[in-house]
Amino acid sequence: MSISVEGLPPIMPTVQDIDRQSEGDTSRPLPLVWISLATITALLFLWSLASSYGFVSPLFLPSPVAVYQALESLAVTGFVDATLAQHVGASLLRIFGALAVALVVGVPAGLAIGASRLGKGILDPIVEFLRPLPPLAYLPLVIIWLGIGEASKIAVIALAMLPPVILSTATGVRSASADHVNAARSFGASRLQVLRHVIVPSALPSILTGTRIALGAGWSTLVAAELVAATRGLGFMIQSAAQFLVTDVVIAGIIVIAAVAFLFELAARLIERWLVPWSTRR
Amino acid sequence: MSVLSLENATLRYTGVDGGHPPVLASVDLSIDQDEFVVVIGRSGSGKTSLLNLAAGFVKPSSGRVRLDGAPVTGPGAERAVVFQDDALYPWLTALDNVAFPLRLRGFSRADRLVRARTLLDQVGLSDAAERHVWELSGGMRQRVGIARALASSPKFLLMDEPLGALDALTRSRMQGFLLDVWQANGVGALLITHSIEEALLLATRIIVLAPKPGRITSEIFTTFGRDHLAGTPLSEIRSSPAFRRLQDELTALIHAEEEGIAA
Ligand SMILES: Nc1ncnc2c1ncn2[C@@H]1O[C@H](COP(=O)(O)OP(=O)(O)OP(=O)(O)O)[C@@H](O)[C@H]1O
Ligand SMILES: [Mg+2]
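So the protein sequences, as listed, match chains A and R. For the first sequence, this note's numbering begins at 1 and goes up steadily by one. For the second sequence, this note's numbering begins at 1 and goes up steadily by one.
If you are wondering where the hints come from, they were derived from the structure by calculation, not from laboratory data. Please note: incorrect hints may appear among the correct ones.
The calculated label-pair distances, taken between Cβ atoms and stated as ranges, are [claimed, not checked]:
#	chain 1	residue 1	chain 2	residue 2	range
1	R	G69	A	P277	45 to 51 Å
2	A	A178	R	E249	36 to 42 Å
3	R	I237	A	S177	33 to 39 Å
4	R	S137	A	S177	17 to 23 Å
From the derived model, a few chain R residues whose C-beta atoms are all more than 10 Å from chain A [claimed, not checked]:
#	residue
5	S26
6	S30
7	T73
8	F107
9	V114
10	G124
11	D127
12	H132
13	S152
14	G164
15	L169
16	N185
17	T232
18	E236
19	S240
20 Å max Cα-Cα, derived SDA-like pairs, lysine to any residue [claimed, not checked]:
#	chain 1	residue 1	chain 2	residue 2
20	R	K212	R	D68
21	A	K120	A	P132
22	R	K59	R	R131
23	R	K59	R	A77
24	R	K212	R	T10
25	R	K59	A	D179
26	R	K59	A	P132
27	R	K212	R	P60
28	R	K59	A	L130
29	R	K59	R	A110
30	R	K59	A	G188
31	R	K59	A	V181
32	R	K59	R	S30
33	R	K59	A	A178
34	A	K120	A	P108
35	R	K59	R	P71
36	A	K120	A	L130
37	R	K212	R	E7
Note that this is a predicted model, so its numbers are computed, not measured. Yeah, the Cβ is synthetic: ideal placement off N, Cα and C, and Gly gets one too.
Can you build the whole structure from these sequences, using the hints too?
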């Protein structure tokens with residue numbers, strides 16, 4: 001509801017005002033994308049202003065042009081014995097390896113927590129123990145157990161990804177409608193058939209949301225995981241550059257991570273639209 | 001011919017504090033496979049609970065539910081349920097929803113789609129086969145729900161206010177449709193409704209359920225549905241004096257019972 005006085009604009013936006021933006025009414029306001037692009041342009045402008053007038057030393061903040069050149073040379077000649085593509089490839093391999101592990105372990109665990117009292121009793125304490133722990137806290141232990149190779153990096157990232165996957169799967173299971181379950185039972189479905197044909201599809205939208213959250217957690221852990229005995233990877237690249245105070249490479253690395261994460265997000269949304277079209281409808 | 005029966009069935013939902021009053025008390029009801037039984041009663045009288053007992057979703061606290069003499073221990077394909085808000089699976093197309101019960105029984109994809117198409121034809125939705133659930137109107141969804149229930153080749157069709165969410169015009173068309181389905185498939189029907197008119201139009205037998213505790217207070221046998229199947233249009237039946245009179249009587253009866261409870 002809005003409070004409005006004759007001749008004066010309403011004090012609060014009405015529901016219709018908000019709807020109009022999405023439905024494209026006559027007085028179409030500026031699309032959100034343009035506003036966001038304007039913000040980015042302004043930030044770039046301020047950044048180049050700051051560095052070209054020497055407000056900030058290039059050691060702390062190299063100019064956008066310098067960062068662009070760093071990106072170019074990263075792509076062509078590389079940094080610390082690997083090209084940008086190789087760094088990105090190494091990091092992506094870890095992220096996807098860890099995601100595969102987290103899904104293979106986490107989805108069944110979430111199903112067990114959501115669908116069975118016994119499963120909840122057994123697994124809840126483990127998840128609740130793991131969930132609040134910062135990955136850096138158990139990284140040394142994982143290295144003692146698994147060595148400094150690829151396995152420990154993937155394990156740490158997977159551990160960080162597990163709680164969101166498990167919890168969102170369990171939430172998804174609980175969101176399954178009683179009528180949907182009862183319908184299947186009245187057509188003669190066994191417990192296993194109910195799980196496979198009703199519970200899992202009901203939980204799918206929530207599992208995908210959990211996967212997105214897990215990817216976010218994965219990126220934050222990646223940098224930490226690549227601190228130790230890595231020879232490739234975006235996190236490793238940024239840290240080596242920071243040690244030699246090659247700030248333009250540091251910033252370039254950050255931008256690459258942001259860009260890759262953004263592409264992931266876009267891909268996730270496309271996958272959602274394709275895999276669970278009903279969750280946005282209805 | 002199969003018989004589905006509730007024998008002296010009492011249902012008490014056991015909450016935290018245990019001693020709840022029964023929701024259904026000593027209900028005796030036996031449905032033959034050639035009957036169309038309609039349960040009517042006001043909100044909270046235990047209609048859904050009665051259907052849930054018959055479907056096997058809940059167990060009676062005392063008494064028995066039997067199918068052809070054998071105790072019912074849970075839900076089963078011979079008693080397919082049609083839900084008030086359709087309960088179609090949004091991740092499946094209309095056709096795959098109808099084919100779902102056949103999938104559970106391990107039919108090959110080709111076999112179940114052939115059978116599902118026949119059923120969609122029967123409910124007049126051949127054109128909507130590939131549509132998603134959210135692309136169907138309320139009436140279409142209910143017809144898909146009924147086709148899906150029929151796909152499990154049930155002996156009984158249990159319907160909890162299947163037309164409750166529809167507009168008046170669609171609803172009256174669907175009433176004729178339900179009679180056709182009942183006749184064409186040789187299933188016993190148990191239908192719940194709030195509408196006295198609907199009960200009179202569809203039922204071969206009307207059961208009046210009185211609340212607190214839910215119990216059967218009257219049984220009325222009617223033939224309007226069969227008249228319709230024999231060729232009389234529903235509109236003519238609705239405006240006939242006999243129909244009007246029974247409608248008034250039934251309304252009065254239900255009101256009198258409510259007074260009785262209030263007193
Ligand atoms: N799962 C449950 N747990 C506890 N009490 C319940 C449960 N389901 C129903 N009840 C109670 O049982 C009584 C009968 O409910 P029921 O749903 O069978 O009524 P109904 O006749 O179907 O009503 P309506 O016409 O509104 O659908 C109500 O008082 C209700 O509160
Ligand atoms: Mg009900």
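Now for the hints, and whether the structure bears them out:
no.	hint	in the structure
1	R/G69 - A/P277: 45 to 51 Å	holds, 47 Å
2	A/A178 - R/E249: 36 to 42 Å	holds, 37 Å
3	R/I237 - A/S177: 33 to 39 Å	holds, 37 Å
4	R/S137 - A/S177: 17 to 23 Å	holds, 20 Å
5	S26	holds, 25 Å
6	S30	holds, 20 Å
7	T73	holds, 12 Å
8	F107	holds, 12 Å
9	V114	holds, 18 Å
10	G124	holds, 22 Å
11	D127	holds, 20 Å
12	H132	violated, 7 Å
13	S152	violated, 4 Å
14	G164	holds, 14 Å
15	L169	holds, 24 Å
16	N185	holds, 15 Å
17	T232	holds, 33 Å
18	E236	holds, 36 Å
19	S240	holds, 36 Å
20	R/K212 - R/D68	violated, 30 Å
21	A/K120 - A/P132	holds, 18 Å
22	R/K59 - R/R131	violated, 37 Å
23	R/K59 - R/A77	holds, 17 Å
24	R/K212 - R/T10	holds, 12 Å
25	R/K59 - A/D179	holds, 17 Å
26	R/K59 - A/P132	violated, 42 Å
27	R/K212 - R/P60	holds, 17 Å
28	R/K59 - A/L130	violated, 40 Å
29	R/K59 - R/A110	violated, 37 Å
30	R/K59 - A/G188	holds, 17 Å
31	R/K59 - A/V181	holds, 17 Å
32	R/K59 - R/S30	holds, 17 Å
33	R/K59 - A/A178	holds, 17 Å
34	A/K120 - A/P108	holds, 12 Å
35	R/K59 - R/P71	holds, 11 Å
36	A/K120 - A/L130	holds, 15 Å
37	R/K212 - R/E7	holds, 19 Å
Of the numbered hints listed earlier, those contradicted by the structure are 12, 13, 20, 22, 26, 28 and 29.
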